[in-house]
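K.L.:
Okay, here's what each chain looks like letter by letter:
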Amino acid sequence: MFEEVKKILAKQLRRDPESITLESDIKKDLGADSLDILQLLMRVEDDYGIVIPDQALAGFKTVGDVVAFLDNLKK
Amino acid sequence: MIKIILDCYGGDHCPEACVDGAIEALAAIPDLYLILSGDETDLRKQLEGKQYDAARLEILHAPQVIGCDERPTDVIRMKRDSSMIKAIRLLRDDDSVAAMVSTGSSGALVAAALTRIGRLPGVIRPAFCPILPTINGGLVSVCDSGANLECTPEHLRQFAIMASLYMENVYGVQKPRVALLNVGKEAEKGDEMRQTAYKLLSETAELNFVGNMESRDLLSGNYDVVVCDGFAGNVLLKATEGTAMELLIKLKKDIYSSWVYKLGAAIMAKMFKAEKDFFNYQNYGGSVLLGTSKVVIKGHGSSRKEAVVKCLEQAWRIQSSELNAKTEAVICKYEHYEL
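These protein sequences, in sequence, are chains A and B. FYI, in my numbering the residues of the first sequence are 29 to 103. FYI, in my numbering the residues of the second sequence are 385 to 723.
None of these hints come from the bench; they were simulated from the model. Positions of the beta carbon are idealized from the N, C-alpha and C atoms, including for glycine. You may find that some hints are simply not true.
From the structure, some residues in chain A lie toward chain B, with a derived Cβ separation under 10 angstroms [said to hold, decoys possible]:
| id | residue |
| --- | --- |
| 1 | Leu63 |
| 2 | Leu69 |
| 3 | Ile80 |
| 4 | Asp82 |
The whole structure should be built from the sequences, with the hints applied where relevant.
P.N.:
Below, the structure written as structure tokens:
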């Protein structure tokens with residue numbers, strides 16, 4: 029899942045994929061804003077046919093948070 | 385070949401207006417390739433017996449329709465099989481598709497475009513930018529006309545840059561005259577946001593900023609770009625459209641009230657027709673969403689065939705002018721500016 033999230037973020041934010049780690053802060057380190065995060069999650073929702081609850085959206089700080097949430101959903 | 389996807393549902397005259405408009409646009413623009421998004425069976429039925437270049441037209445099957453009364457934030461996630469969302473997703477995922485046109489729900493289109501297509505690097509908020517005719521035969525754009533109800537001065541500067549480049553590159557206006565919508569012309573007029581925006585616009589080298597303007601001067605021909613927050617822009621646009629429409633209705637009513645007036649009107653019929661065409665929104669294309677990473681155009685909900693053709697031509701012209709690459713180059717100069 030990390031690789032997939034990394035690929036989406038790298039394309040969306042025009043970043044080198046190698047610069048994205050699980051610890052990367054989505055806003056501070058990757059320069060994303062709230063719209064970028066929504067865009068990332070919408071892409072994940074489309075790709076996996078899921079709906080992420082609104083209350084979960086506010087809890088994503090690092091790339092690892094997103095990956096952990098999606099890993100849990102898959103279980 | 386420029387590939388454009390057309391959302392064929394959601395507008396008042398859909399899908400007929402979209403299908404007929406698509407056929408006419410294909411005949412008029414030789415390097416246009418169209419993808420019609422919507423219910424395939426219904427669209428095939430609409431295409432039956434009509435002459436068009438089938439090699440330049442395909443259908444993306446999307447059985448659901450987004451209604452104008454549905455909540456945008458809900459439908460963009462729940463109606464994934466709708467003609468609008470499937471079109472947006474294809475625009476996002478297929479690099480060969482350059483633009484999208486829709487006459488459906490404005491709110492859903494903005495929400496879907498922002499969360500799926502994304503923005504050009506450096507753009508904080510994309511903005512709607514419709515075009516209106518001016519009394520001297522020119523055009524004026526209003527940015528933002530409703531995508532962002534609350535704005536900062538920096539948002540307004542970006543709207544000014546994007547709309548200025550749009551007028552220059554797509555409509556051939558040299559050094560577009562940019563004005564800030566305000567309650568008076570003097571520099572100190574308006575609230576703090578507008579006073580700061582005035583200063584910011586004055587300091588931006590890429591802009592030909594000519595100062596504040598009042599809403600009554602919108603169609604005067606003195607301005608090429610009017611910059612404002614989406615709330616004020618939407619009010620300005622609808623008040624202008626409504627006034628023009630009511631004026632024509634009143635004129636018609638008065639003419640029919642007397643045979644002398646009718647006679648006069650018959651003599652002036654050609655002039656009246658020209659005035660009616662002048663105010664007809666169907667002749668000016670749609671409202672482009674400036675600042676998204678791909679071209680998105682919102683046609684009027686009441687668009688008929690002619691308006692759909694104009695929107696498709698407009699999308700084709702924007703893509704041909706490489707507007708997005710030019711916008712990105714200028715916007716990035718100011719990317720990290722914060723007030």
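K.L.:
Identify whether the interface hint at isoleucine 80/A stands, where standing means a beta carbon of chain B within less than 10 angstroms of its own.
P.N.:
Since chain B brings a Cβ to about 9 angstroms from isoleucine 80/A, closer than 10 angstroms, the hint holds.
K.L.:
A closest beta-carbon separation below 10 angstroms is what the hint needs, so does leucine 63/A meet it against chain B?
P.N.:
6 angstroms, holds
K.L.:
A closest beta-carbon separation below 10 angstroms is what the hint needs, so does leucine 69/A meet it against chain B?
P.N.:
8 angstroms, holds
K.L.:
Quick one, is the aspartate 82/A hint okay against chain B at 10 angstroms, beta carbons?
P.N.:
9 angstroms, holds
In summary, the structure agrees with every hint in the numbered list given earlier.
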